[in-house]
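Trainee: Spelled out from the first residue to the last, the chains are:
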Amino acid sequence: MSLLTITDPVLLGFAEEVGTAGDVAVEGGRTRWSFGGEASPTARLVAAPTGVVSYQPDEMTVQVRAGTTVADLHAELAKHGQRTALPERGGTVGGALAVGENAAESLGRGPIRNALLQVRYVSAEGELVTGGGPTVKNVTGYNLPKLLVGSLGTLGLMAEVILRTNPTPHTSRWLKAEGVDPFAIYNDLLRPGAIMWDGTTTWVLLEGHGVDVDAEQQLLAPHASFAEVDGPPDLPAHRWSLTPKDLRGANAEVHGSFVATIGTGLLFSTEPAPAQEVAANIVEVSERAKRFFDPTGRLNPGRNPLKARV
Amino acid sequence: MDLKLDPDDLNTCVQCGLCLPHCPTFRVTGEEAMSPRGRISLMREVQEGAPLTNEVIESFETCVQCRGCEPACPSNVPYGHLMEQARETLAEAGEMTPKWQRLALKPLAQPKMLEFGSKALSVANKFNLVPSRLGLPSEIPANQEPLVASGDDVYLFTGCVMDAWQRDVHRAGQRVIEAAGFGVTPTNDLAPCCGALHAHAGLTGETRSFATSMISALADKPVLVDSAGCGAAMKDYGRLLGTPEAVAFSERVFDIGEWLAQHVDRLPEVTPLDLRVAVQDPCHLRHVQKVHDATRVVLRPFVREIVELNDDGLCCGAGGAYSVLQPDLAGDIRDRKVAAIDAVSPDAVASANPGCSMFLGNAGVPTVHPMVLIDSALRGTIWPN
Amino acid sequence: MGVFDRVMNAVQSRNPGADIDPLVADLAASLSADRVRTDGASRSLLSHDASVFDGGVAGPVCYPETTAEVQAIMSVAEAHGASVVPRGAGTGLAGGAIPLGKPIVVAVTKMNKVLEIDLDNRVAWVEPGVINLNLTKQLAPLGYHFAPDPSSQQVCTIGGNVANNSGGPHCLAYGVTDAHVVAVEVVVPSGDVLMLGGLEAEPLGYDLRGAFVGSEGTLGIATKVAVRLTKNPPAVRTLLLSFSSVADAANTVSGIIADGMVPAALEVMDQRITQAVENYVHAGYPTDAAAVLLAEVEGLPGGVALDAERIGEIGRANGATEVRAAESDEERALLWKGRKTAFGAIAQVKPDYYLHDTVVPRSKLAEVLEQVYAIADTYDLIVMNVFHAGDGNLHPLLVFDAREDGVLERVHQAGEEIIRASVEAGGVLSGEHGIGVEKQKYMDAMFTDADMEHQNRLRKSFDPACRANPGKVLPSGHSCADIQALRKVPTGVWG
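Quick note, the sequences are listed as chains W, C and A, same order.
The numbers in the numbering used here rise by one with no breaks, and the one at position 158 of the first sequence is 158.
The numbers in the numbering used here rise by one with no breaks, and the one at position 182 of the second sequence is 492.
The numbers in the numbering used here rise by one with no breaks, and the one at position 79 of the third sequence is 774.
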């Protein structure tokens, strides 16, 4: 038997549950259940296995089953002062990766797609497939993990992943001020954890060594008098995927009540984002990929990552 | 064919490619055959039996021999020597360096002929009969007073082309050395030519004979050279001839700036020229002699400001006779250099090599030898006067 | 008229009867004739890259200057059923740019313009032939840089970085090329021009951008890249720690990471390589230490001082015999010059070397290194180690003289054992050099047939007819892989 043969009965059990035929939809925390289209009502629901399999803080990696909630994972990591780029919104690790949305503080945490090092998923043929590798650095073969992030389970159903972890900064401090230019603040700070702006108020997350956070707070002083607050503002429900520059034009008339995350281009709004056009040749390559990975269309039918965000 | 290259020298190249961006012809063409790594590969292939095609010869001929690749090479490949040897073998076999080029190099050894030729060129130039791509200065001096010895502490090497076209530079250099309290003997007819251009063209035999006669003609004292290309060639006599005398001779050859940098405190304090000066490092000063910092040391007290070019000392394209033989490539290379100069908008560009000076000057760059600036400051004149 | 025009004309006029290949004629019609080369010298030179795998054979060599020209080349290739191999500066170490099966070689070195620096979006749009370090130099006055810094950064191109998902010492903190490529314009083998990714926060659909980065030219040719700009930190400190054993250095690295720090770079060199490097750069590397650790921290001054202090403590606790900080920018630059030219400096020791590029878990560094030295001993070879210790990326260098009888076989066997030892320790085949033609045969150490078939599906989504850089990455037995087998130990590579 090859070293590569997967013997974990939990993973094998999940593969068996997915099986080789019939429509299946994978269910996580249902926090983005309608994202990219409703799951076909005829699809059989499956759920990925749960649990942290192995965690080595000094490797800054964690092996975790896809059905584990992000909250549970982060609770485990927090014991060793670490975290991941996955957003915490009540869902599962697999769900977060399949949806591919970044954390609102992605300026400091990085985009979610950078977090996935290795993925084990069940293919449309019911086989367990491994993409990527267990180390923080790896260019061996094609980057299947990247293709899986944001794929809404249409190419394979994630069973277990190895994620990159990062040390949680020594100090995290949210500050708030009125009437400042958030873009100027972005230019003044070296690596802010987040800058949010609702058109009048600016929230800034400073992270790092205490001395550095203090120093950056000093840098902010000439802009306005910042007050320390508990956290970011409540974020409206709809995500607008804009460019960082577009955020300069954010206004109530177009975006309703909004919170823009400066530097990333992500804007949270009370209004749904308009439908985005996707170039025909991108659709063509994407559809070809879908056909190769799932010729019968049995994985998460009804869902399409090319559909507009809700 | 056997290029007579040392296989160990060729093998030193591990094809890493770190030399590529330091090669002026690669930078303007982006082509492997125009890079040191490509040229070494072709040398190896030809030596191992690949056909000597026109493209291979073109690849060798387009090398400026600036040797900017050598300091970039972590394996210390002796690229300059490989290229000179390859050219020598090919020239001997009649594959390279056509007869007209050899004839053109002849007068360099004969000052009278050179002077006559220069005068003829000067006249022709005035009547716009000389193609502009030759890069000659717009005013070729037709009549100049000879240099006169003022003592015998050091030699000032006067050479061939430079003496004919830039005797003012020698004169300035001599006055600066004298101002530092040294007596100067211009070499004049004692040492008519260093043979650098011949070596570049593969006519190394002629270079050897120039070297031999120069070594026996010049007594045991420092030989100062105000042309970076000549200085580099003369510092290589030791390797070229392999005799103890030649090695000893090479050790007492100094670039004039290099030598003066040791004695700069002996020069009087004067009001600096009100100029922002960019230093252009001639390749044979920077990459071969590696004494380009001295230019800054000697110049700094005499000008208001020295600015550096942000191009890693890339070649200007002059390359001895290169600008004449490869005018298109040389022009492209010069365009890069001119852009780097324009970016720092200097009042003057100090260049310690006559070839660079003339070639850049022809593109409208206000070039001047650093000795001329120092001399001007010492004499309280303004530059340009 | 350029030099080559004249030569080409001369060649053609001398061979008036020579048949013009219809493929070449079509290529010449779509570019200009002087940017399509068929002479032996051009083709022979572009049959190699820095890996020196022999056996590559280039077909016509094209030097496009625009996306439209790359598109035209692709269309001509499609019409003739020819394949294409993209090429940047040719500094690849795994043979990714070696042309197999006489393909059209598309050298992007003339596409070398920085098209736009867009500070509002913190990106620069560049052509693929832009040299990595030149971009960073151009950004310097604005206070930014391009973070991936492979040792070849002074020559390698952004296009090559994208193809190989290149790393470099400073990728420890910043991440490899993938994390710094926001969007790529790609010409796929059908001739279509695709914009993968985008400047917006969360581009819709599959992450085709992420799939393309690191695909070694097998999905298409990048013609325009939007790279992320990284702010230059106000404070940088570079420390040099000396150790009396390689294991102590490795343990220090694990200790630093376990302490919750992610320094900008953590690089280890063993004694042999340190001596070779010092001989070239004269940077003050201690030549009597068994290993040196180059650690760099950067950020705001306060935190940098704290981190530097802590690294010194951890080093001393692990037996560091000396902890020294670079006193000046010049000293720092020299130390880095030494590290980044380490591989080339090897030629001073032996004329040939084989450089490996595996990754192991950081906690296994000391253990695997011990195995590496033992393997080299077994095969009577000299091994030198210089590596990105912070992310477990080993670069064992087997140093030899290829003229020695039977040495290649020993180098080959030792290499294979090193690779297997790394994978068995929980590592991977390549950290930053890629698979190319070098490591295809080891892919089965990491992936099952099904795994590789899925990778092949990704590939075919872009290139259904296998015309982009065929014969690379996936081993024989998978489609696009069986064009030609190359099985020769490279005689000189660096990284």
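Hints are computed from structural coordinates only; laboratory data are not their basis.
Note that the Cβ used here is the ideal one computed from N, Cα and C, for glycine as well.
Be aware that a few hints might be false.
[Said to hold, decoys possible] Simulated pairs of lysine-lysine, DSBU-like, Cα-Cα distance not exceeding 30 Å:
hint: 1; chain 1: A; residue 1: Lys1136; chain 2: W; residue 2: Lys245
hint: 2; chain 1: W; residue 1: Lys307; chain 2: A; residue 2: Lys1155
hint: 3; chain 1: W; residue 1: Lys79; chain 2: A; residue 2: Lys1059
hint: 4; chain 1: A; residue 1: Lys1032; chain 2: A; residue 2: Lys1059
hint: 5; chain 1: A; residue 1: Lys926; chain 2: C; residue 2: Lys600
hint: 6; chain 1: C; residue 1: Lys600; chain 2: A; residue 2: Lys1045
hint: 7; chain 1: A; residue 1: Lys1136; chain 2: A; residue 2: Lys1045
hint: 8; chain 1: A; residue 1: Lys926; chain 2: W; residue 2: Lys176
hint: 9; chain 1: C; residue 1: Lys600; chain 2: A; residue 2: Lys1136
hint: 10; chain 1: A; residue 1: Lys1136; chain 2: A; residue 2: Lys1155
hint: 11; chain 1: A; residue 1: Lys832; chain 2: A; residue 2: Lys1032
hint: 12; chain 1: A; residue 1: Lys797; chain 2: A; residue 2: Lys808
hint: 13; chain 1: W; residue 1: Lys245; chain 2: A; residue 2: Lys832
hint: 14; chain 1: C; residue 1: Lys314; chain 2: C; residue 2: Lys531
hint: 15; chain 1: C; residue 1: Lys314; chain 2: A; residue 2: Lys808
hint: 16; chain 1: A; residue 1: Lys1045; chain 2: A; residue 2: Lys1032
hint: 17; chain 1: A; residue 1: Lys832; chain 2: A; residue 2: Lys926
hint: 18; chain 1: A; residue 1: Lys926; chain 2: A; residue 2: Lys1059
hint: 19; chain 1: A; residue 1: Lys1136; chain 2: A; residue 2: Lys805
hint: 20; chain 1: A; residue 1: Lys808; chain 2: A; residue 2: Lys926
hint: 21; chain 1: A; residue 1: Lys1059; chain 2: A; residue 2: Lys797
hint: 22; chain 1: A; residue 1: Lys1155; chain 2: A; residue 2: Lys805
hint: 23; chain 1: A; residue 1: Lys1136; chain 2: A; residue 2: Lys808
hint: 24; chain 1: C; residue 1: Lys531; chain 2: C; residue 2: Lys600
hint: 25; chain 1: W; residue 1: Lys245; chain 2: W; residue 2: Lys307
hint: 26; chain 1: A; residue 1: Lys805; chain 2: A; residue 2: Lys926
hint: 27; chain 1: A; residue 1: Lys1045; chain 2: W; residue 2: Lys245
hint: 28; chain 1: W; residue 1: Lys176; chain 2: W; residue 2: Lys245
hint: 29; chain 1: A; residue 1: Lys1059; chain 2: A; residue 2: Lys1155
[Said to hold, decoys possible] Listed next, with one range per pair, are the computed distances between beta-carbon atoms:
hint: 30; chain 1: A; residue 1: Thr982; chain 2: C; residue 2: Glu618; range: 31 to 37 Å
hint: 31; chain 1: A; residue 1: Asp1139; chain 2: W; residue 2: Lys307; range: 47 to 53 Å
hint: 32; chain 1: C; residue 1: Ala649; chain 2: A; residue 2: Lys1032; range: 37 to 43 Å
hint: 33; chain 1: A; residue 1: Lys808; chain 2: W; residue 2: Ala71; range: 47 to 53 Å
hint: 34; chain 1: A; residue 1: Val931; chain 2: W; residue 2: Pro9; range: 34 to 40 Å
[As the list claims (entries may be wrong)] Examples of chain W residues lying across from chain A (beta carbon under 7 Å, computed):
hint: 35; residue: Arg113
hint: 36; residue: Asn114
hint: 37; residue: Val139
hint: 38; residue: Leu147
hint: 39; residue: Arg164
hint: 40; residue: Thr171
Trainee: Each hint should be assessed against the structure and marked as holding or not.
Mentor: Here's how the hints hold up against the structure:
1. For the suggested pair A:Lys1136 and W:Lys245, the alpha carbons sit about 46 Å apart, so the restraint of at most 30 Å is broken.
2. Proximity of W:Lys307 to A:Lys1155 is assessed by CA-CA distance (about 23 Å); at most 30 Å being required, the pair is judged to hold.
3. Note on W:Lys79 and A:Lys1059: the hinted pairing holds, with a Cα-Cα distance of about 23 Å set against a maximum of 30 Å.
4. Distance check on the hinted pair: A:Lys1032 and A:Lys1059 sit about 28 Å apart at the alpha-carbon level, within 30 Å; holds.
5. For a cut-off of 30 Å, the pair hint linking A:Lys926 to C:Lys600 is broken: about 35 Å separates their Cα positions.
6. In summary, the hint linking C:Lys600 to A:Lys1045 is supported, as the alpha carbons are separated by about 27 Å, within the 30 Å threshold.
7. For a cut-off of 30 Å, the pair hint linking A:Lys1136 to A:Lys1045 stands: about 27 Å separates their Cα positions.
8. About 24 Å separates the Cα atoms of A:Lys926 and W:Lys176, which keeps this hinted pair within 30 Å; it holds.
9. Between C:Lys600 and A:Lys1136 the CA atoms are separated by roughly 47 Å; this puts the pair beyond 30 Å, and the hint is violated.
10. At roughly 20 Å between alpha-carbon atoms, A:Lys1136 and A:Lys1155 fall within 30 Å of each other, so this suggested pair holds.
11. Taking the CA atoms of A:Lys832 and A:Lys1032, the gap is about 16 Å. The hint holds against a cut of 30 Å.
12. The straight-line distance between the Cα atoms of A:Lys797 and A:Lys808 is roughly 29 Å, inside the 30 Å bound, and the hint therefore holds.
13. With a C-alpha separation of about 24 Å, the suggested pairing of W:Lys245 with A:Lys832 holds against the 30 Å cut-off.
14. At roughly 36 Å between alpha-carbon atoms, C:Lys314 and C:Lys531 are farther apart than 30 Å, so this suggested pair is violated.
15. Restraint check for C:Lys314 and A:Lys808: not satisfied, since their Cα atoms lie roughly 40 Å apart, outside the 30 Å limit.
16. At roughly 21 Å between alpha-carbon atoms, A:Lys1045 and A:Lys1032 fall within 30 Å of each other, so this suggested pair holds.
17. Proposed proximity of A:Lys832 and A:Lys926 is supported: the alpha carbons are some 13 Å apart, at most 30 Å.
18. Annotation: proposed proximity of A:Lys926 to A:Lys1059 is violated, straight-line Cα distance about 33 Å (limit 30 Å).
19. Proposed proximity of A:Lys1136 and A:Lys805 is contradicted: the alpha carbons are some 34 Å apart, above 30 Å.
20. Distance hint between A:Lys808 and A:Lys926 is fulfilled; the C-alpha atoms sit about 22 Å from each other, no more than 30 Å.
21. Restraint check for A:Lys1059 and A:Lys797: not satisfied, since their Cα atoms lie roughly 42 Å apart, outside the 30 Å limit.
22. This hinted pair checks out: A:Lys1155 and A:Lys805 have alpha carbons roughly 29 Å apart, not beyond 30 Å.
23. With a C-alpha separation of about 37 Å, the suggested pairing of A:Lys1136 with A:Lys808 is violated against the 30 Å cut-off.
24. Between C:Lys531 and C:Lys600 the CA atoms are separated by roughly 22 Å; this keeps the pair inside 30 Å, and the hint holds.
25. Of the supplied pair hints, the one linking W:Lys245 and W:Lys307 holds, its CA atoms being roughly 24 Å apart against a limit of 30 Å.
26. The hinted pair formed by A:Lys805 and A:Lys926 meets the criterion: a straight-line CA distance of about 28 Å does not exceed 30 Å.
27. Of the pairs offered as hints, the one joining A:Lys1045 and W:Lys245 is violated, with about 53 Å between alpha carbons and a cut-off of 30 Å exceeded.
28. Between the alpha carbons of W:Lys176 and W:Lys245 the distance comes to roughly 22 Å, so the proposed pair stays at or under 30 Å and holds.
29. The hinted pair formed by A:Lys1059 and A:Lys1155 fails the criterion: a straight-line CA distance of about 36 Å is larger than 30 Å.
30. The beta-carbon spacing between A:Thr982 and C:Glu618, approximately 33 Å, falls within the hinted interval of 31 to 37 Å.
31. A beta carbon spacing of about 38 Å between A:Asp1139 and W:Lys307 contradicts the range 47 to 53 Å that was offered as a hint.
32. At about 26 Å, the CB distance of C:Ala649 to A:Lys1032 disagrees with the hint of 37 to 43 Å.
33. Distance hint check: the CB atoms of A:Lys808 and W:Ala71 are about 48 Å apart, consistent with the given range 47 to 53 Å.
34. For the hinted restraint 34 to 40 Å between A:Val931 and W:Pro9, the CB-CB distance of approximately 50 Å leaves it violated.
35. For W:Arg113, the interface hint holds, the least distance from its beta-carbon to any beta-carbon of chain A being 6 Å, beneath 7 Å.
36. Residue-level restraint check for W:Asn114 holds (minimum Cβ-Cβ distance to chain A is 5 Å; threshold 7 Å).
37. Annotation: W:Val139 was flagged as interfacial toward chain A, and the flag holds, the nearest CB pair being 5 Å apart, inside 7 Å.
38. For W:Leu147, the shortest C-beta to C-beta distance to chain A is roughly 5 Å, which falls under 7 Å, so the interface hint holds.
39. Interface restraint check for W:Arg164: the shortest CB-CB distance to chain A comes to about 9 Å, outside 7 Å, so the restraint is violated.
40. Evaluation of the W:Thr171 hint against chain A yields a violated restraint, the C-beta minimum of about 10 Å exceeding 7 Å.
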